[in-house]
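Colleague: Letter by letter, the chains look like this.
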Amino acid sequence: MKTEYEVVIGLETHVQLKTQTKLFSSCPTQGAGGPNTATDPIVLGMPGVLPTLNEAVVEGAVRVGLALSCSIQRRSAFARKHYFYPDLPKGYQITQDEYPICRDGLLTVDSRDVRIERIHLEEDAGKTIHDPGRGESRVDYNRAGTPLIEIVTRPDLRSPEEAVSYLKNLHEIVVFLGVSDGDMEEGNFRFDANVSLRPKGAKELGTKTELKNMNSFRFVQRALEAEIERHAEILSAGGEIVQETRTWNEEKSRTEGMRSKESAPDYRYMPEPDLSDLMIDEDWLDTIIESQPELPEAKRRRFQSDLGLSAYDAEVFTGSPDVASYFEAVMGTTKAGASRVASWVGSELLGLLSRNGHSLQTSPVTPAHMSELLDLIEAGTVSGKMGKDVLEKVLQGEGAPGELASRMGTQLSNPDELRTLVLQVLERCPEQVNMYKQGKTKVIGYLMGQVMKESRGKANPGVTTQLLQEELQKS
Amino acid sequence: MNNTLNIRELVEGQRGNRGEILSRLGRLFQEVRVLEPQLNAFLTVTEEEGSAIAQSLQEQDPQKEPMPLEGVPFSVKDQIITQGVETTCGSEILRGFVPPFQSTVVQRLLGAGAVLVGKTNQDEFGMGSASETSFQGTVKNPWNPDRVAGGSSGGSAVSVASGMVSFSIGTDTGGSIRQPASFTGTVGLKPTYGRVSRYGAIAYASSMDQMGPMTRNVEDAARVLQVIAGHDPMDATSSTKPVPDYVSAVSKGVKGLKFGLPKEYMDCSMDAGVRTAVEAGIQRIKDAGGEVVPVDLPHTEFAIPTYYILASAEASSNLARYDGVRYGHRSSGDGSLEDMYQDTRTEGFGAEVQRRIMLGTFCLSSGYVDAFYVKAQQVRTLIIEDFKRVFDQVDVLVSPTVPVVAWEHGAMADDPLAMYQMDVLTTACNLAGLPGISVPCGFSEGLPVGLQLMAAPFQEELLFAAAGAHEGRYEERSRRPDLHTREWMSED
Numbered sequence: 001m002k003t004e005y006e007v008v009i010g011l012e013t014h015v016q017l018k019t020q021t022k023l024f025s026s027c028p029t030q031g032a033g034g035p036n037t038a039t040d041p042i043v044l045g046m047p048g049v050l051p052t053l054n055e056a057v058v059e060g061a062v063r064v065g066l067a068l069s070c071s072i073q074r075r076s077a078f079a080r081k082h083y084f085y086p087d088l089p090k091g092y093q094i095t096q097d098e099y100p101i102c103r104d105g106l107l108t109v110d111s112r113d114v115r116i117e118r119i120h121l122e123e124d125a126g127k128t129i130h131d132p133g134r135g136e137s138r139v140d141y142n143r144a145g146t147p148l149i150e151i152v153t154r155p156d157l158r159s160p161e162e163a164v165s166y167l168k169n170l171h172e173i174v175v176f177l178g179v180s181d182g183d184m185e186e187g188n189f190r191f192d193a194n195v196s197l198r199p200k201g202a203k204e205l206g207t208k209t210e211l212k213n214m215n216s217f218r219f220v221q222r223a224l225e226a227e228i229e230r231h232a233e234i235l236s237a238g239g240e241i242v243q244e245t246r247t248w249n250e251e252k253s254r255t256e257g258m259r260s261k262e263s264a265p266d267y268r269y270m271p272e273p274d275l276s277d278l279m280i281d282e283d284w285l286d287t288i289i290e291s292q293p294e295l296p297e298a299k300r301r302r303f304q305s306d307l308g309l310s311a312y313d314a315e316v317f318t319g320s321p322d323v324a325s326y327f328e329a330v331m332g333t334t335k336a337g338a339s340r341v342a343s344w345v346g347s348e349l350l351g352l353l354s355r356n357g358h359s360l361q362t363s364p365v366t367p368a369h370m371s372e373l374l375d376l377i378e379a380g381t382v383s384g385k386m387g388k389d390v391l392e393k394v395l396q397g398e399g400a401p402g403e404l405a406s407r408m409g410t411q412l413s414n415p416d417e418l419r420t421l422v423l424q425v426l427e428r429c430p431e432q433v434n435m436y437k438q439g440k441t442k443v444i445g446y447l448m449g450q451v452m453k454e455s456r457g458k459a460n461p462g463v464t465t466q467l468l469q470e471e472l473q474k475s
Numbered sequence: 001m002n003n004t005l006n007i008r009e010l011v012e013g014q015r016g017n018r019g020e021i022l023s024r025l026g027r028l029f030q031e032v033r034v035l036e037p038q039l040n041a042f043l044t045v046t047e048e049e050g051s052a053i054a055q056s057l058q059e060q061d062p063q064k065e066p067m068p069l070e071g072v073p074f075s076v077k078d079q080i081i082t083q084g085v086e087t088t089c090g091s092e093i094l095r096g097f098v099p100p101f102q103s104t105v106v107q108r109l110l111g112a113g114a115v116l117v118g119k120t121n122q123d124e125f126g127m128g129s130a131s132e133t134s135f136q137g138t139v140k141n142p143w144n145p146d147r148v149a150g151g152s153s154g155g156s157a158v159s160v161a162s163g164m165v166s167f168s169i170g171t172d173t174g175g176s177i178r179q180p181a182s183f184t185g186t187v188g189l190k191p192t193y194g195r196v197s198r199y200g201a202i203a204y205a206s207s208m209d210q211m212g213p214m215t216r217n218v219e220d221a222a223r224v225l226q227v228i229a230g231h232d233p234m235d236a237t238s239s240t241k242p243v244p245d246y247v248s249a250v251s252k253g254v255k256g257l258k259f260g261l262p263k264e265y266m267d268c269s270m271d272a273g274v275r276t277a278v279e280a281g282i283q284r285i286k287d288a289g290g291e292v293v294p295v296d297l298p299h300t301e302f303a304i305p306t307y308y309i310l311a312s313a314e315a316s317s318n319l320a321r322y323d324g325v326r327y328g329h330r331s332s333g334d335g336s337l338e339d340m341y342q343d344t345r346t347e348g349f350g351a352e353v354q355r356r357i358m359l360g361t362f363c364l365s366s367g368y369v370d371a372f373y374v375k376a377q378q379v380r381t382l383i384i385e386d387f388k389r390v391f392d393q394v395d396v397l398v399s400p401t402v403p404v405v406a407w408e409h410g411a412m413a414d415d416p417l418a419m420y421q422m423d424v425l426t427t428a429c430n431l432a433g434l435p436g437i438s439v440p441c442g443f444s445e446g447l448p449v450g451l452q453l454m455a456a457p458f459q460e461e462l463l464f465a466a467a468g469a470h471e472g473r474y475e476e477r478s479r480r481p482d483l484h485t486r487e488w489m490s491e492d
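Residue numbers (our numbering), protein chains in the order written: chain A, 1 to 475; chain B, 1 to 492.
Treat the hints with care, since some could be wrong.
Computed cross-link-like contacts, BS3-like style, restricted to lysine-lysine with a CA-CA straight-line distance of at most 30 Å [stated by the list, open to error]:
hint, chain 1, residue 1, chain 2, residue 2
1, A, Lys299, A, Lys261
2, A, Lys299, A, Lys388
3, A, Lys335, A, Lys261
4, A, Lys261, B, Lys241
5, A, Lys81, B, Lys375
6, B, Lys252, B, Lys388
Bear in mind the hints are in silico, worked out from the structure with no lab data behind them.
Everything numeric in this text was worked out from a predicted model, so none of it was measured.
Next up, chain A with everything else stripped away, as it sits in the complex (with noise of 0.2 Å):
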């Protein structure tokens, strides 16, 4: 039933920037800790307060705008779009309505180009709290004002997938780009996404329902797929869509109205006279243009072509801008090869901090620290296996990796002095000598696990095995 029909997703997504303090005033975003502790004359819209700009979110929305190829707006201009809700403190919302910041954009997800219709400044609403059990609402406005920025696609995706994928995209740059915490159960995330079937072939879009408000990757997937299937049924039986808002409701698995279009609100926007124009500065969008972080996808690729890394430990590097930065600051620093670095601190240590609840954030062993270890490892003072002691020991918070080694004793390569302990080993095990003689060369590790015996497991490996080569062959 669904093959006759071609799927067609836009996408609005709001996006929290991460901020000292609020769009409009210098109230902290961050409160002392409960309800309406994060706000102030400004935030709670008292009478005669004026907003002001902060211009850190203007920084914010113009890396997102570059990161996503737009035409950034050199002039844009604030709008109030009114409506009354308890958690609206000005019976308005300061948002950019005709004039945008960012217009104009593209990303190209799974070989899809999703053009990005604009993007726009906006301030959050606070929240309200239903308790029906006390017949009450309470209002929390510590949200309220913090900003956002709202990014709108062009009706570009094909499918449920794709709108997955893109939002998967973008929710990785914005925290590439640091801008956003991306925290999606704290709402730093969220979306909306229109959806309409038209016959394949149609150049004319269906009609659309919006589907409002979701903030997991899981949930609008589930969303789009029940929502297509709703509209493909409805067509299928000669029906017509209702153009209208929904939600999607997870317990019953189903996209329920919220509000048609005869009843949606009109915003009566109007242009913002407290605000100046938006105006960017040429050479401050400069700075920003060169201190542009490099976003994931360029730094996959770069992992692969420059560094040698496989697709799959160059994806595993890329997968947040904290394992990211701390590959490349041991990178950086070490002199060992990109697979040894890969390996150290993609299995090594992420497993050895996942084992005791750290992450790299929280991670005592620092970059600094592992170059040190590595640099040891490609020495040739620290073995493989005492790297692993030494990585534990550095993670107890007992020292660095260079004097650790030093204390547990270095790395016996001294060939003269190994010379010496593989002779006392061949001397004692004259059994073993003569099957390595008959070709049972597969006996020369047991012999170099007597070696390492013998030395208390500091015995370079590379250098006993060549010597005990040369001794049985002349033996």
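Assemble chain B onto chain A, guided by the hints.
Modeller: Using the frame of chain A, we list chain B on its own:
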């Protein structure tokens, strides 16, 4: 306090003689108690706050150089936020609201040593021309209690005209400083939009609101503007232009200045007595050496509809915050959220405010916004261009402030459109963001008449020069209303 003294004399009198401030202020509050029942100029009298300020001034080092407004008693329109002092805009919806923050203007005045006497009565939210719509009733004109004081800053004008304070701060969105100044024989200045911070001025129409001084003479207005003008980081629309020396501008004279007499302003239907007084005022400017030429402002007839569409649209937005949720009046009903909003706003707002909210909401509504709001914005641009062209030819425009003298109480209460027409000469100034001043220029029917002067943006110095020159030649500049308190007026 001696209310016949100007600000300079008052401040100078304090030099090395601070011991009297508190007792003089005490006598002043006593007079306020005598006059207030007749005039109803105040919504709140701040005897406690004012005395505390006076006390701290008195305790200063007697040798210390006096601050620019030290010990000068002033009042503030209730439209302006005063931290810790009830601020209502004359509206039921804000009754009991005590702001936890300070307006920039009041902060600057207190910082200059001025002493707050009270919050003045006004038209609710600044919407009116007669000061008849506050919850505390009508302000009386000290020249004739049967007449209105003008509005919306009527209480401010009366507190100055009656000698209760040396100056007051009013707000002017379409003439609300200049018109009551005209009706009460006081000086009222609306500065250039952006010259004085609006932080703490309760918004009526944000793109036009501006605060300014109301005084008994031109130099006092310059002294007050000197203190309140200048950039404020809390107001994104406040200008960063440096503040010139306004006080010295007052005595600069008008020789070499060119004055424009807008034909459209003189052609409007005007009381004969007003015309005579205004013509006498224009003659004084000529006598002082100013050249007066006729000019055209062809879009004048559109100023009133443009103003009422834009001001109402902005008001409908600015007044949306009075919803009963966070502060102010809340309806006691226990209906739905919708009911709470409706009841709160129906109970809290008076008829004129409701009228303008509805008008403004309509003008911004989908389907009508282009025909009204957007069109009015376009006409506003034409009006601005009129002024730009005229100010290429002349330095200052001169006209009546209002085509009539103060009318009788209630005369316009049932005819809002007739009352709106009274703003015909003042609203264009706000639409174009220009500075404008009303100065007393004569009497008609025993009531004061105001002369309006306007200049290009940030040319307040020209206004002070013109107003100062006019005042110097105005024989009745010291005439004050008779409030049977002669002994108090000559005291000290």
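Colleague: Hints the structure violates: just list their numbers, smallest first.
Modeller: As far as the earlier hints go, 1, 3, 4 are violated by this structure, in ascending order.
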